[in-house]
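Visitor: Okay, here's what each chain looks like letter by letter:
Protein chains: 2
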Amino acid sequence: MGFDRLIAKIKETGNPSVVGLDPKLDYVPEFLQKKYRDEDGCSLQAAARAIFAFNKAIIDEICDIVPAIKPQAAYYEMYGWNGMKALEDTIRYAKVRGMFVITDGKRNDIGATMQAYTAAHLGSVMVGENELEPFGADALTVNGYLGSDGINPLLDACKTRDKGIFVLVKTSNPSSGELQDQLMDGVPLYARMGDLCEKWGADTIGEYGYSAVGAVVGATYPAQLRELRERLPHTFFLVPGYGAQGGGAEGVAGAFDANGLGGIVNSSRAIMCAYQKEGCDPRDFAKAARREAIRMRDDITGFVKIK
Amino acid sequence: MGFDRLIAKIKETGNPSVVGLDPKLDYVPEFLQKKYRDEDGCSLQAAARAIFAFNKAIIDEICDIVPAIKPQAAYYEMYGWNGMKALEDTIRYAKVRGMFVITDGKRNDIGATMQAYTAAHLGSVMVGENELEPFGADALTVNGYLGSDGINPLLDACKTRDKGIFVLVKTSNPSSGELQDQLMDGVPLYARMGDLCEKWGADTIGEYGYSAVGAVVGATYPAQLRELRERLPHTFFLVPGYGAQGGGAEGVAGAFDANGLGGIVNSSRAIMCAYQKEGCDPRDFAKAARREAIRMRDDITGFVKIK
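Just so you know, the sequences run in chain order S and G.
Count along the first sequence from 1, then add 4; that gives the number in my numbering.
Count along the second sequence from 1, then add 4; that gives the number in my numbering.
For reference, chain S alone in the conformation it holds in the complex (with noise of 0.2 Å):
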């Protein structure tokens, strides 16, 4: 409950960060891309295939230093629905491996639609006498601008399967402040979206003293992150934004506890692409990743310690 097992893997790891698997097909070495292109022409097949190929490799090499791997959606849905098979397959094997996985979906609907998404992310579906798990995530980035009407119907999946949310609260972008910094009678939109997490989570609390309900709060903005880390104690963060988007782990550390917990931070792109940026050989790209998560880890826990 309350993000408990996740939690424990970053305790086990000493590791407060998430690998964001966005692998948008430039990403994928040329030599994997081909591999595909030859066995299945030029087709979503094959940008699906090479996309879960490169997924694999980076999951292997991380698996016992990182806690967790967030993929997000968009890049799969964009290959159709061949790309939402790399999905599915990227977080059963995640989970084979032994990681805690975020789906970044952002979803966001109300009543018997939100049960649904529930049910493709975090839940089962009957067909026939067999209960399946289409997607299997332990936890599912959503959007709360619907209110309760979308959350609620979350909650069940929380308590009875021991899920996790994160709702949107203040994201990393520029453009951020146009409407989550407008206030509303003195409180800014972002604030008020995180109390209601408090309140939404308030009977999933864990054994660490945090939710199932989680928010999105992200390192470009250090201030309003060790504001809502004092006003909302029993909801755990996902920080967005560190590295490519200019957060750093400085920054970060406000996202966190007097225990070094509280939060996990992204990273996306410099992982996944850290095999361009060192310039080695783009076989070793699922290597230089590690490498990379390494020094992610080392840079955060310069500033966080985890008791």
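Simulated from the structure, these hints should not be mistaken for laboratory data.
Treat the hints with care, as some may be off.
Just so you know, same-sequence chains aren't split out, so a pair can sit in one copy or run between any two.
Stated by the list, open to error - Below are the DSBU-like pairs computed for lysine-lysine, each with C-alpha atoms no more than 35 Å apart in a straight line:
hint, residue 1, residue 2
1, Lys28, Lys99
2, Lys28, Lys60
3, Lys38, Lys99
4, Lys163, Lys38
5, Lys39, Lys291
6, Lys99, Lys39
The structure presented is a predicted model; accordingly, all values stated were derived computationally and were not measured.
Take the given structure of chain S and dock chain G to it, following the hints.
Guide: This is chain G only, laid out in the frame that chain S set:
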């Protein structure tokens, strides 16, 4: 440009309504479910194939009298990649039958990730030398909580590929007011989001005066619907919540301008499940859907005169 294609279809059919294809497996008649279970076992593939067969039969019966369908992505995702294949197949088939397709995905993200969603649903991807259209809808529903960074990547597709988007403004659910009705400098969040739609769409206005950036405004809030119609003169409305959620035809009339244009009203369950309500032979489910689509058209056009 600017929903001209959709508006032309509405004028041609004399029908400002859209059929929501949200095919819960329970909605699919048992004889059809069984057919595919017998072929594929109790699998996600069997569910997905039954759903596509159900959709296809309904599309065949309504394509001459209804301008558009709106498949809800959640009900396809819940059957995994097989379900996403049924979504692709449904979109392709509806387009072959001449219908306008709005994928209801409420997608949202920023920058390159939003570009990936745009490519997935409204655009194309390159694999080797081939340009491929993954889902190929005409329009997509999106969530604007992240601000302009989440919307700008879509505008290119609106301009260069004659596509459209619908931004969630005031949703039909009971809890939509928790955030959307809260005042920012005296203006409710939903109206702020609406104002942004006018801004985002400003250089995509088509011959009927509407931009390619539409808004989702629920039928369950007729006063806000009327208020927003005045406030947002260039924003085309997608109106959910008619029928099952309690919005009536008189209330939705506020979505339309003096020419009977400016909006399209959705109905999902009442049409898909018309055979259950009628108590007719389940094998006639598609004909029952047609009868209900005609009843809805006549109900709405009793209050909305298209000129």
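Visitor: Could you run down the list of hints and mark each one as holding or not?
Guide: The hints, checked one at a time:
1. With identical chains, the CA atoms of Lys28 and Lys99 are at most 35 Å apart both within one copy (22 Å) and between copies (28 Å).
2. Taking CA atoms no more than 35 Å apart as the test, Lys28 paired with Lys60 passes in both settings, with 15 Å inside one copy and 33 Å between copies.
3. For a Cα distance limit of 35 Å, the shortest separation of Lys38 from Lys99 qualifies both inside one copy, at 28 Å, and across copies, at 33 Å.
4. Only between protomers do Lys163 and Lys38 lie at most 35 Å apart by alpha-carbon distance; the minimum there is 33 Å, versus 44 Å within a single protomer.
5. Taking the shortest alpha-carbon separations for Lys39 and Lys291, only the intra-copy value of 20 Å comes in at or below 35 Å, while the best inter-copy value is 49 Å.
6. Taking identical chains as interchangeable, the C-alpha atoms of Lys99 and Lys39 lie at most 35 Å apart whether they share a chain (26 Å) or sit on different chains (34 Å).
Figure legend: structure checked against the earlier numbered hints; every hint is met.
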